[in-house]
Amino acid sequence: MLKEPNSGAPVEPVLGRNSLKRPKHRKSKSRKYKSFGSSVICINGSPGTGKTDLALEFAYRNAQRYKMVLWIGGQAQYFRQNILKLSVNMGLDVSAEAENERGRTRSFDEQETEALKRVKGELFRDMPYLLIIDNLETEREWWEGKDLHDFIRRNTGGTHVIITRRLARVMNCDPLQLLPLPFSDAMTLLRGRRKNDYPTSEL
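Going by our numbering, the first residue of the sequence shown is number 2, and it counts up by one from there.
There could be a bad hint or two in this list.
As the list claims (entries may be wrong) - Each computed DSS-like pair below joins lysine-lysine, with the alpha-carbon atoms no more than 25 Å apart:
1) 68 <-> 86
2) 86 <-> 118
3) 121 <-> 68
4) 147 <-> 118
5) 147 <-> 86
6) 121 <-> 147
7) 118 <-> 68
8) 86 <-> 121
Hints listed in this document are in silico derivations from the structure and should not be mistaken for laboratory results.
Model the full structure from these sequences, guided by the hints.
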């Protein structure tokens, strides 16, 4: 549940007409219970079904509810780099702090680790962010053996996370399955509808 910065009214993270069920607690291979409720939404579907468009539409309609909307590509070869770029976008750039308290120049790996730590610390607190990971290709081995659980905490604070992907399941969260349009609806969409085809309530 998220509250708008200037309002006490709760905001439900709902996409489209689909209702989201809170997933049951499941035990992972590491024997830890990991449940994300409705704070992490996974949109699953075949290529071309509109997963990205749905996430984009939600972001467009609800941007005012969040301090910032952050969009990163989930392609495996760029995922690590894209997460690190968040530190710059969020004003958490550590590259200017190469010198630590001992006067030693930090290595690039140390700067990366510190950047990830700061991004996680900023994202998953009470401040409302919307994080969209688009087209996630894998949730494992994206950073020296780490998986997505090492980035997205079980308690996401005020932040909502939307993940679009083709994977059958991600992070033990129940998927929001996006199905292709039936042929008749697709043809209607392509051709458009005449004014008198719309219900009076939509005019």
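Hints violated by the structure (listed by number, smallest first) = none
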